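Chains as they are written, first to last, in UniProt numbering: chain F, 1 to 460; chain B, 1 to 460.
It is possible that part of the hints are untrue.
Identical copies go unnamed one by one, so any copy, or any two together, can satisfy a pair.
Simulated pairs of lysine-lysine, BS3-like, Cα-Cα distance not exceeding 25 Å [as the list claims (entries may be wrong)]:
| # | residue 1 | residue 2 |
| --- | --- | --- |
| 1 | 276 | 236 |
| 2 | 5 | 56 |
| 3 | 419 | 199 |
| 4 | 407 | 31 |
| 5 | 214 | 77 |
| 6 | 293 | 88 |
| 7 | 407 | 155 |
| 8 | 276 | 227 |
| 9 | 93 | 276 |
| 10 | 93 | 10 |
| 11 | 155 | 31 |
| 12 | 410 | 199 |
| 13 | 31 | 56 |
| 14 | 155 | 77 |
| 15 | 10 | 77 |
| 16 | 88 | 5 |
| 17 | 276 | 407 |
| 18 | 211 | 276 |
| 19 | 93 | 5 |
| 20 | 22 | 211 |
| 21 | 419 | 155 |
| 22 | 155 | 410 |
| 23 | 211 | 259 |
| 24 | 407 | 199 |
| 25 | 88 | 56 |
| 26 | 88 | 290 |
| 27 | 10 | 88 |
| 28 | 437 | 259 |
| 29 | 31 | 456 |
| 30 | 93 | 407 |
Hints listed in this document are in silico derivations from the structure and should not be mistaken for laboratory results.
It should be emphasised that the depicted structure is a prediction, and the values quoted were computed from it without experimental measurement.
2 protein chains.
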Amino acid sequence: MSKEKPSLPKGTRDFSPEVVGKRNYIFNTIKRTFRKFGFQPLETPTMENLSVLTGKYGDEGDQLIFKILNSGDYLAKTTVADYELGSKHLLRKISEKALRYDLTVPFARYVVMNRNEITFPFKRYQIQPVWRADRPQRGRYREFYQCDADVVGTKSLLCEAEIVLMIDEVFTSLGITDFTIKINHRKILEGIAEIIGQKGREVDFYVAIDKLDKIGVEGVKKELLTKGIPAEEVAKLHTLLSYTDFGIETINAIPEIIKNQFDNQNTQIGHLEIDKVRNYVETINRVALKNVKIDPTLARGLSYYTGCIFEVKVNNVQMGSISGGGRYDNLTGMFGLPNVSGVGISFGVDRIYDVLEELQLFPESVQTSTQVLLTNFDSLSEAYALPILQQLRAAGIATELYPDQVKLAKQMTYADQKKIPYVLLIGSEEITSGQLKFKNMRTGEQESLPLAEIIKRLAL
Amino acid sequence: MSKEKPSLPKGTRDFSPEVVGKRNYIFNTIKRTFRKFGFQPLETPTMENLSVLTGKYGDEGDQLIFKILNSGDYLAKTTVADYELGSKHLLRKISEKALRYDLTVPFARYVVMNRNEITFPFKRYQIQPVWRADRPQRGRYREFYQCDADVVGTKSLLCEAEIVLMIDEVFTSLGITDFTIKINHRKILEGIAEIIGQKGREVDFYVAIDKLDKIGVEGVKKELLTKGIPAEEVAKLHTLLSYTDFGIETINAIPEIIKNQFDNQNTQIGHLEIDKVRNYVETINRVALKNVKIDPTLARGLSYYTGCIFEVKVNNVQMGSISGGGRYDNLTGMFGLPNVSGVGISFGVDRIYDVLEELQLFPESVQTSTQVLLTNFDSLSEAYALPILQQLRAAGIATELYPDQVKLAKQMTYADQKKIPYVLLIGSEEITSGQLKFKNMRTGEQESLPLAEIIKRLAL
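In isolation and in its complexed conformation, chain F is listed as follows (with noise of 0.2 Å):
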């Protein structure tokens, strides 16, 4: 065996217990809100067969899905020729398999092969880390997971109202309390495209304005007039753009200056739809409407949408959107199975994670584990422990019993930096009198008590 200085990976990262406990505080807020709200879980493997992967992502998307040799002498099959061919060529004759890109893929291909067995509409969750070959950078890792929600199988617009409850409900639980829901519909920007002559070549129009919080209103107008779009229809853009205080209307009042400047029949439907899910949020929760936002430039990036999409921000803090998700009407056609319309969601948990962070949101009990720790002087008081131990852990207590008889300063040391909160320590003295130091490691209070009033403070 090599003795090679280990290391990782770049762009993947080993979760310490601390923070695997603070991760889990947040994936089970998430799971127990789309557990509420009637959603089951899902997982897929990790690895799919290439060809339902490959195509689904555009060219981009392609380059950056790790993908898996094949086993065994993975070059029996090929030639020189294939080799010469190249990268690309070879790839084909040498992979089969590569890991999950997103959860959105997955969920499609196990929608299609299990149609006759799923009852609709179909309510899943699934969270799961998925891989991507992007270039790592702060905030931006080879391997994250995603929190997924969909229902597939509706077009009712009960289930967007849901969503934006959800989201409600998660945020608040975790604490946060300052944030926008971002609202928008497709067919509002198709109706903006219309109006400045993109009909059909919405796209363009979909990837510049999405540039908005980063470029501004002088860099989309650019990049639409360097995509061929004329000037005067350029120019008609430019009240939206620049209109920052959509962020400050409530969904309400949708934009007067889209009623006044753009109202065709796009619009319309997409205003409507907006305010029916409007109405549901105020009928079952009055409250979750007070940080919904309706925004006419958000578009988000990708391209399979067709109905109301969402997104979050935590307003001030430096950090892009939380959580985002959309209704699509034809996800399932990539593999043949038309017509299923859906409305999904996903939660960024690396980025709710620093926002945590930052605004100091994780409670303190996420951090331990072991509630109690005895100490083990000697044999004596070794053998005196071992049944308490067993009583502790019978009541429900996390506990430990110090494995070696070493200086106390060391055990002590343990317990700190494990942060265990308490110490029971166990001594000759103990032993006679049968009153336990307790010893609180937070105050430093140390009290001389029974075992069963332990138990009882304890199991609280």
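Keeping the supplied structure of chain F fixed, place chain B upon it in accordance with the hints.
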């Protein structure tokens, strides 16, 4: 987008909501136990550098590691000569990463990389999938979960005892009562190997005896003979190998046969340690001893064990071992950090799942998620149902409103297939009276009740 018929890579599985629910029941039971014993969660990346994995699992293992193709133009740094030198040679130039093959090597890597931050003894648990390019067959998958708990940085036999206690707690909690925890010690095997003249060549002996269950006494003897061990030495093993009553001996009575026929320093050390472990378990929780048996023919294939070894079998069920582990003295040595002793246990979730299915031990409650379905007759009943939906969820009750106004039969089928236990029927009569029809889907019973009463019943 192509419209191919999608499929799954062989040896991989989708887990439907029902199966995820059952699997989570197992995971949660194991996690709860690990935590109660002071173990903390660790997660490592799916991808490891190939240099970290290669050479750790033997030649056969290396073959079964799934390799990931470098991203981009992976052939850029290769020549035709590299191609012509074959798969094994080319591999080093086109692949740097691979999928995790087990949780032990990544754990060792983590300990070495974080040795200065970790507080020892370090008790970690890890529940993550691993991948092996094995030929798939019934019960053997290419992606499967391992559930491991290890303590490193102490030689205390208290840790071995706690492993026995955790095994007992996990299976008892799952409702499995008729199981055997087999225990042996590598020093006992070493001592026996010495007595048959195989000092320093124990591996052949371990590998052969490991197959006792499969190939029987004569098979093992034959294999030892072909390995060049003289017939008179192999003959010494006959009584040991054919003494099937070992399984019935309790740990209290260390088999006489060992004491009489294989008495040397090594077997004595092994016995002594097992006896100490027995003592610990007895003092902490005597009942946990009832299923523990010493089995001097237990070897466990993996060669890194050096002390106590464990294996768990469910009796009267056709199934291999469902859990196993042991002590190793030099796990981190492979990465240049010697003398870190540790002991660990691994639970086989797929096999435990099959056992619980066969013995019908899954509780009914693991299969439901939504508690109540509100039916949706028309716009009026929908509007009436919306605030009720909110009140039920606010009380922590997972509730759905059927999103479309379709025939009642379809809505009831939905509740039925999703195993939703209660349905609330809201029609014009109910709206007038405020008494809602509350239907128990299992019994078919139906009552008219005010919402407050329904919440009271469900929140129990």
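Comparing the hints with the structure gives:
Taking identical chains as interchangeable, the C-alpha atoms of residue 276 and residue 236 are never at most 25 Å apart, the minima being 28 Å within one chain and 84 Å between chains. Taking the shortest Cα distances, residue 5 and residue 56 sit within 25 Å of each other only across copies (14 Å), while inside one copy they are farther apart (39 Å). Neither within a single protomer nor between protomers do residue 419 and residue 199 lie at most 25 Å apart by alpha-carbon distance, with minima of 61 Å and 46 Å respectively. Neither within a single protomer nor between protomers do residue 407 and residue 31 lie at most 25 Å apart by alpha-carbon distance, with minima of 44 Å and 31 Å respectively.
Taking identical chains as interchangeable, the C-alpha atoms of residue 214 and residue 77 are never at most 25 Å apart, the minima being 48 Å within one chain and 37 Å between chains. Taking identical chains as interchangeable, the C-alpha atoms of residue 293 and residue 88 are never at most 25 Å apart, the minima being 45 Å within one chain and 58 Å between chains. Taking the shortest Cα distances, residue 407 and residue 155 sit within 25 Å of each other only across copies (16 Å), while inside one copy they are farther apart (67 Å). For the identical chains of this complex, residue 276 and residue 227 are neighbours neither inside a copy (35 Å) nor across copies (79 Å), given an alpha-carbon limit of 25 Å.
In this homomeric assembly, residue 93 and residue 276 never come within 25 Å of each other (Cα to Cα): the closest approach is 51 Å inside a single copy and 58 Å across copies. When the C-alpha separation of residue 93 and residue 10 is checked against a cutoff of 25 Å, the pair qualifies only between copies, where the shortest distance is 18 Å, while the shortest distance within a copy is 27 Å. Within a single copy, residue 155 and residue 31 get their C-alpha atoms as close as 24 Å, which meets the 25 Å cut-off; across copies the closest is 40 Å, which misses it. For the homomeric pair residue 410 and residue 199, neither the shortest alpha-carbon distance inside one copy (72 Å) nor that between copies (40 Å) is at most 25 Å.
Taking the closest pair of Cα atoms, residue 31 and residue 56 never come within 25 Å of each other, the shortest separation being 27 Å inside a single copy and 37 Å across copies. Proximity of residue 155 and residue 77 under a CA criterion of 25 Å is satisfied in neither setting, with 48 Å inside one chain copy and 52 Å between copies. Only between protomers do residue 10 and residue 77 lie at most 25 Å apart by alpha-carbon distance; the minimum there is 20 Å, versus 32 Å within a single protomer. Taking identical chains as interchangeable, the C-alpha atoms of residue 88 and residue 5 lie at most 25 Å apart only when they sit on different chains, with a minimum of 23 Å there against 33 Å within one chain.
For the homomeric pair residue 276 and residue 407, the shortest alpha-carbon distance between copies (23 Å) is at most 25 Å, but the shortest distance inside one copy (68 Å) is not. Proximity of residue 211 and residue 276 under a CA criterion of 25 Å is satisfied in neither setting, with 28 Å inside one chain copy and 68 Å between copies. In this assembly of identical chains, residue 93 and residue 5 lie within 25 Å of each other by CA distance solely across copies; the values are 20 Å between and 34 Å within a copy. When the C-alpha separation of residue 22 and residue 211 is checked against a cutoff of 25 Å, the pair qualifies neither within a copy, at 32 Å, nor between copies, at 44 Å.
Proximity of residue 419 to residue 155 under the C-alpha cut-off of 25 Å is restricted to the inter-copy arrangement: shortest distance 23 Å between copies versus 50 Å within a copy. For the identical chains of this complex, residue 155 and residue 410 are inter-copy neighbours only, at 16 Å across copies versus 62 Å inside a copy, given an alpha-carbon limit of 25 Å. Taking the closest pair of Cα atoms, residue 211 and residue 259 come within 25 Å of each other only inside a single copy of the chain (24 Å); across copies the shortest separation is 79 Å, beyond that limit. Taking the shortest Cα distances, residue 407 and residue 199 never come within 25 Å of each other, neither inside one copy (78 Å) nor across copies (39 Å).
Taking CA atoms no more than 25 Å apart as the test, residue 88 paired with residue 56 passes inside one copy only; the shortest distance there is 17 Å, against 32 Å between copies. Neither within a single protomer nor between protomers do residue 88 and residue 290 lie at most 25 Å apart by alpha-carbon distance, with minima of 51 Å and 61 Å respectively. For the identical chains of this complex, residue 10 and residue 88 are neighbours both inside a copy (24 Å) and across copies (24 Å), given an alpha-carbon limit of 25 Å. For the identical chains of this complex, residue 437 and residue 259 are neighbours neither inside a copy (73 Å) nor across copies (44 Å), given an alpha-carbon limit of 25 Å.
In the homo-oligomer, the alpha carbons of residue 31 and residue 456 lie at most 25 Å apart only across protomers (24 Å), although the nearest pairing inside one protomer, at 31 Å, exceeds that limit. For the homomeric pair residue 93 and residue 407, neither the shortest alpha-carbon distance inside one copy (62 Å) nor that between copies (52 Å) is at most 25 Å.
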